[in-house]
Structure formats: structure tokens, C-alpha cells
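> In the working numbering, the protein residues as written are 1 to 662.
If you are wondering where the hints come from, they were derived from the structure by calculation, not from laboratory data.
Treat the hints loosely; a few may be bogus.
Stated by the list, open to error - DMTMM-like cross-link-like pairs, simulated, lysine to aspartate or glutamate; straight-line CA separation at most 20 Å:
no. : residue 1 : residue 2
1   : K560      : D495
2   : K560      : D515
3   : K535      : E599
4   : K548      : E599
5   : K548      : D495
6   : K535      : D641
7   : K548      : D511
8   : K535      : D511
9   : K403      : D495
10  : K633      : D515
11  : K535      : D583
12  : K633      : E599
13  : K443      : E426
14  : K548      : E574
15  : K403      : D431
16  : K559      : D511
17  : K559      : D515
18  : K559      : E286
19  : K373      : E286
20  : K403      : D427
21  : K471      : E574
22  : K443      : E462
23  : K560      : E602
24  : K633      : D511
Stated by the list, open to error - With beta-carbon atoms standing in for the labels, derived distance ranges:
no. : residue 1 : residue 2 : range
25  : R593      : G646      : 16 to 26 Å
26  : A490      : V269      : 42 to 52 Å
27  : G646      : R609      : 33 to 43 Å
28  : S255      : G646      : 55 to 65 Å
All of these numbers come straight from a predicted model, not from anything done at the bench.
For every residue, glycine included, the Cβ atom is placed at its ideal position computed from N, Cα and C.
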Amino acid sequence: MLNHKFEELRHAGNLPSPSGVGLAILRLTQNPDHSIEELARCIQADPALTGRLLRLANSSSRAGVDPAQTVTQAAMRLGIRAVRNVALGFTLVSAHRGGMCAGFDYDRYWSESLARAVAASAVAARARSSDPAEAFTCGLLSEIGMLALASVHADAYGRVLGETAERPLAELLEAERRAFQIHHVEISAGLMSEWGLSRAITGAVSLWASQSTAEIEESSQQCLAWTLDVATRIAEILRSDRSHESAEHVSAWTSLRESAERLSIDELVLAELCARISREWQEWGEQFRIPTRPNADFGPSPPAAIAGEPVGALHDEETRVVASVEPVREETSHKSGDPIHVLIVDDDVRLLRLVSFHLERAGYQVSTAEDGKAGLQLAIEQRPDIVVTDWVMPELSGLEMCKSLRRMQSGHRAYVLLLTAREEEEDRIVDAFAAGIDDYITKPFNARILLARVQAGERLIELQRQVEADKRVRMKQVSDMSLLTRRLRAAGLTDILTELPNRRSAMQRLDQEWDASTNTSRPLSVVMIDIDHFKQINDEYGHAIGDKVLQATAEVLRKKTRRGDIVCRWGGEEFVVINVNSDLAGARRCAERLRASVEANEIFCEGFRGRVTVSLGLAERSPSIFDLEALIKAADNAVYDAKRSGRNTIREGPSEPLSESA
1 MLNHKFEELR HAGNLPSPSG VGLAILRLTQ NPDHSIEELA RCIQADPALT GRLLRLANSS
61 SRAGVDPAQT VTQAAMRLGI RAVRNVALGF TLVSAHRGGM CAGFDYDRYW SESLARAVAA
121 SAVAARARSS DPAEAFTCGL LSEIGMLALA SVHADAYGRV LGETAERPLA ELLEAERRAF
181 QIHHVEISAG LMSEWGLSRA ITGAVSLWAS QSTAEIEESS QQCLAWTLDV ATRIAEILRS
241 DRSHESAEHV SAWTSLRESA ERLSIDELVL AELCARISRE WQEWGEQFRI PTRPNADFGP
301 SPPAAIAGEP VGALHDEETR VVASVEPVRE ETSHKSGDPI HVLIVDDDVR LLRLVSFHLE
361 RAGYQVSTAE DGKAGLQLAI EQRPDIVVTD WVMPELSGLE MCKSLRRMQS GHRAYVLLLT
421 AREEEEDRIV DAFAAGIDDY ITKPFNARIL LARVQAGERL IELQRQVEAD KRVRMKQVSD
481 MSLLTRRLRA AGLTDILTEL PNRRSAMQRL DQEWDASTNT SRPLSVVMID IDHFKQINDE
541 YGHAIGDKVL QATAEVLRKK TRRGDIVCRW GGEEFVVINV NSDLAGARRC AERLRASVEA
601 NEIFCEGFRG RVTVSLGLAE RSPSIFDLEA LIKAADNAVY DAKRSGRNTI REGPSEPLSE
661 SA
């Protein structure tokens, strides 16, 4: 069912995907015979990616170890799988810095993801609980499903985020499921699986989101989930603007300390670790040009004192980091009438200023770089519409820069105009066009001719923008239709009054869980629930009040059911809870929790104020219960026993059905 929902979402719109280099890495690593050298050559097509991988490899090194100088050395130090996963994550950051979802703060999203990644890597290294590079990837991509929903259902997801702002994760997931029939953690797991990330990462993300404490076979998943939990709490405190003395800050730090204790990290070590994470987060933010705003009151005491720096210096550094972040032009934010962004790359400073002067006077938005390497870095980060570059430059020529751009998804749409000092030989010009340039002009040039060539590129860019706008409209129509289809399907499986899954949905899920229990021998139990004296409520107060009582009781059952279990309306005043991977003892605990919660819940509505109770019947799959029908019948018979025993109680099946009316 979940795979089906993810496939529907995938076909409904553009889910986040790696850049051209990221896709090339994916294709290469799908071949089991690929080598480190082949992977290194693929990564080196993106200089920014190369630098970031080297930084991560060297930050994970032990003291006294010489720093890695090449991608090959980084791959040998981190491991091919880790390099592949981290490279994939980095290309996603570069490719999805903006979008059309008005309620989704893209800078904040990536800032928090980066903080979580840096914290996860540092915590994993300190606790030796997981591979630091794997933890980095897990932290960076654990919430990628949110970006997916913002991409596919921009308007609807913006409303969901607005309604659940500052709410706990569980409430956001529930709101997402109601709106889209799938939540972002499930999407994250689907995307990670599609990209070939390890089962440890995908399983850890699911465990972290569910806050499950169940025993699992793969301890690596549990350790990574705990690492992710600590990292998420650190990232939340880093991003918070709460003061050191506030009750919220003290509570957040206490929760972080308790979470870290599971990894044997004490408070003093945690404080020192957090101070280092804060600094590294800012440094990574500078590399990605992502704004980072560390909380100046981070930790149980001022972090500047822990780090050995005056508090004022920390504030100065924060100001410097934020001021250094230049606005990034977002590929998806173009609308008709937006200025054309031109990047000029030339090692001749006088020519650079001259071209910039003419283009700015003509109304273009201009950025400049004084060599090919810096030009490629700016092109990756700012995604200009037009690139005007000199052919011959030190370190990286204009032609080599163009080839690197064309290997990346973000560089496909740029219009490249090559400047050359003389009329080149015919073969060289042909080679330049084969490398990906769109036009060229010789130096010295006439300013009017230069503008005419740039305007020709502008016309092509405007056509591209219109095509992209039309594509967005079509994709929105497809995503809206897909969402409508999922909602209609969900409506057929949802009880209108209580908004719980209905009997049809319960039977489908019971069929699935019965098959899973048969194949894996894991336990399966059900709890049947019946509201006591419900007919009297309808007779005395009317069916409208009876509906309110049903809704209030359903809400209690929904809130008090363990995540992973399924509560459904069976019909009338009856409900059923499917206890997945739970034996009769677990079902008994669940039933008692539900019974006590319903009894304690006072219902207020116009014309009625009071409490109701429920009778509950349990049954577990066992050799004597040979099929699903027998399981349901056993639980139903147990409910009759509970009613005969005085109601507001729990009974266990199997037993014979009663002949008298309940």
C-alpha cells in the first residue's frame, strides 16, 4: 500500500532528484565492478562537490593523520559507499535551493538539515555508534520528504505547514497523511530506497520519526536512529532564539542530555561537542552559502566560554557569516519580467569591468569572476541565465568551464557566450560548439554587437522560462489530479463521522497483517471495542449527541493508540484496534490504556456533559485460530463476555458467542 502511494506521488510531479553529476554517480555505482578511480573522475566534474567531500573526509580524520588531498584519498578514507551517499546529498542541496511553495522556507530547511548532518557526524564519531559519513547523510536527507511535498503539492503543502506551525512532528505527520494520504517520513524512506541508500539509513529515519522503543534485529538502525535523535535536538537548539534562562531552553537541553545518555555521552562532553558543532555548522554554511544563525546561548552555559572565545566575538562572527551569504537565484522562481542574470568570467580585470558596465547599463543583473575556477563555483551556486566567458584563462579555461557546466543539471539551461581574442581556426570553433557553447564573439569587440549577441541569448532564455512555466502548470494539474484520486480512494476507506479508517479499510489491513504474520511468524492481536449503553444515549439525547459521543471516543482511541497500531471504526458504536507485532500481553496493555482513557474523558457538547465507558475483547492469532474470520469472531465473542460481566472491562478470547442481547 505504501509503495503504491509513493509511486503515485512520484508520477504526480517532480520529486527532488540529484544534479547531473549526482545522477552520473548513481548510474556508475549501480555497476558492481566500478572502481574508486572512476568514481573520483565523476566527482571531480564538480569542483564544489570535490572540495566539500575533501572537507568531510579530513574533518573525520584522527589527529596525526595527513589530510586527504584528492578525491581518491577521500574515498579510501571514507569508503566508496559513504562517498557515494554524501556526494548524492550534496548535489541535492545544490539542485534544490528554492521552489514555488510559499509556506516552505527553503533556506531554513537546508540550514536545519545541514545543522542536523554536522551534528549527526560529530555525535557518531564521538560515541562511535555509527559511521560518521553515513550519519552525515542520514542527517542531511532525513527530512527530504518535506522538500518533495513542497515540490509536488506546493499550494496544499504550504497550507498544511501554516496550520501546523510550531506543532510537534507527530501532528505534522498526521496532517500530511490527512491531506496527501502519505507523510514526509514515508516519502523520505521511498526516495532514499530509490537512490540506493543503505537499509540502515532508511530504517533509522523511520525509527527516529516513530520514536519506537521496540526491540529490532538490526542494532545499527537503532544506534543510527538514536544518533539522529540527538542531532535533531542539537539542530533545534542551534536554530532557536530562546535565551539561556528560558524554561523552554532548559527543557530542550534536558531532553538533549537524556537523549545523549543513550549513547554514553555525558553533559560535559556534550557541551564541548555542541560548541564544536556550532562552529562547524557555520563553516559548512559558508561553503554552501546557506545562512546559519547559531543560538548565542547554546548549551547549559554560554557556549563561547566553553569554546574559549569572548561572547562578543561569537556575535561578531555570526554577523560576518550572515552578511557573507549572497542571495542565491532560484531556478524555479523565474517569472516573466524577471531580470536576466549574466555571469561574466575573465582574467582581464579591465575587460571584465567594461563588459559589466555595458550589460548593467542595459538592465542586466551582473555577477563577475576573475578566473574559470571561481566562475564555475559562482555558476553552480547562482545559476545564471547567461554566462559570458573568456576562452583562455589560468587554471580552468572557458571551454573547460563550459564542459563542466554542461555535465550538471543546473548548467544545461545556461546560455554560454565565449569571448576569444582572435578569429580561431574553423576546427577549434567547431570543437567549442561541440563542448556546449551557444555563441562566440571575438575581441576586441563592438559593444553593440556584444549586446546583440546577449539579447539573442535573452530571447532563448525567455522561451525557456515560458516552457518551464507551462510545464509547472501541467505538473500542477497532474499533481492535483493525483491528489484528488488519492483522496477519493481514501474517502472510500474512511468513516465520514469519526475520520477513522472504516470497516473496509480494517479488513484490507487485517488481510495484509495476517499474511505478514503467516510469513514471518510475528504475533498479531486485535482489540474489539464497544461503547457501553450507547443505545440509551441515542434514545435519551438524540442521534446528534450520539454522533458527538462517537467522535469524542474515536479521538481518545486515536490519541492513545500506539504508533504502528491501527484503530478503525467497525460499525455503529464498535471500534477495532489492530495490534501489529503484538502478542496477547501487549494487546492487554493497549486495551487497559484505552479503557482507562475513555472512562476518564469527560465529553462536553451542547445538551450533554458526561462520560462513557467501553467493553473490550482481545484475541491473538494462535494455532487454534486458523484464519482471519476466526480471529475477529474470537475478539467479538470476548466483547460479549465483557458486557455480560458488567461492562467497562476487558475479556480475552476465544469463547463461545452469547445468545442473549448485549
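> Each of the hints needs a verdict: does it hold here or not?
Results for each hint:
1. Annotation: proposed proximity of K560 to D495 holds, straight-line Cα distance about 19 Å (limit 20 Å).
2. Restraint check: the Cα-Cα separation between K560 and D515 comes to about 26 Å, which exceeds 20 Å; the hinted pair is violated.
3. Simply put, K535 and E599 have alpha-carbon atoms about 18 Å apart, close enough for the 20 Å limit, and the pair holds.
4. At most 20 Å may separate the alpha-carbon atoms for a hinted pair to count; K548 and E599 meet this at roughly 16 Å.
5. The suggested pairing of K548 with D495 holds, with an alpha-carbon distance near 14 Å, which does not exceed 20 Å.
6. Using a Cα cut-off of 20 Å, the hinted pair K535 and D641 holds, with the two alpha carbons roughly 18 Å apart.
7. Taken as a hint, the K548 and D511 pair is broken in the structure, with Cα atoms around 31 Å apart against an allowance of 20 Å.
8. Taking the CA atoms of K535 and D511, the gap is about 31 Å. The hint is violated against a cut of 20 Å.
9. Distance hint between K403 and D495 is unfulfilled; the C-alpha atoms sit about 57 Å from each other, more than 20 Å.
10. The suggested pairing of K633 with D515 holds, with an alpha-carbon distance near 18 Å, which does not exceed 20 Å.
11. A distance of roughly 32 Å separates the Cα atoms of K535 and D583; the hinted pair therefore is violated under the 20 Å criterion.
12. At most 20 Å may separate the alpha-carbon atoms for a hinted pair to count; K633 and E599 exceed this at roughly 25 Å.
13. Straight-line distance between C-alpha atoms of K443 and E426 comes to about 17 Å, which keeps the hinted pair within the 20 Å bound.
14. Distance restraint check for K548 and E574: the Cα-Cα separation of roughly 15 Å lies within the 20 Å cut-off, and the hinted pair is therefore satisfied.
15. Taking the CA atoms of K403 and D431, the gap is near 11 Å; set against the 20 Å cutoff, the hint holds.
16. For the hint pairing K559 with D511, the CA-to-CA distance comes to about 24 Å; that exceeds 20 Å, so the pair is violated.
17. Distance check on the hinted pair: K559 and D515 sit about 27 Å apart at the alpha-carbon level, beyond 20 Å; violated.
18. Between K559 and E286, the direct Cα distance comes to roughly 43 Å. Violation of the 20 Å bound is thereby established for this hinted pair.
19. Among the hinted pairs, K373 with E286 is consistent with the structure: their alpha-carbon atoms are about 17 Å apart, no more than 20 Å.
20. Distance hint between K403 and D427 is fulfilled; the C-alpha atoms sit about 17 Å from each other, no more than 20 Å.
21. Among the hinted pairs, K471 with E574 is inconsistent with the structure: their alpha-carbon atoms are about 48 Å apart, more than 20 Å.
22. The suggested pairing of K443 with E462 is violated, with an alpha-carbon distance near 27 Å, which exceeds 20 Å.
23. About 15 Å separates the Cα atoms of K560 and E602, which keeps this hinted pair within 20 Å; it holds.
24. Straight-line distance between C-alpha atoms of K633 and D511 comes to about 15 Å, which keeps the hinted pair within the 20 Å bound.
25. Checked against the hint of 16 to 26 Å, the pair R593 and G646 passes, with Cβ atoms roughly 20 Å apart.
26. Separation of A490 from V269 is about 47 Å and conforms to the stated range, judged on CB atoms against 42 to 52 Å.
27. Between G646 and R609 the beta carbons are some 24 Å apart, a value that contradicts the proposed interval 33 to 43 Å.
28. Separation of S255 from G646 is about 43 Å and departs from the stated range, judged on CB atoms against 55 to 65 Å.
The structure fails hints 2, 7, 8, 9, 11, 12, 16, 17, 18, 21, 22, 27 and 28 (numbered hints given earlier, in ascending order).
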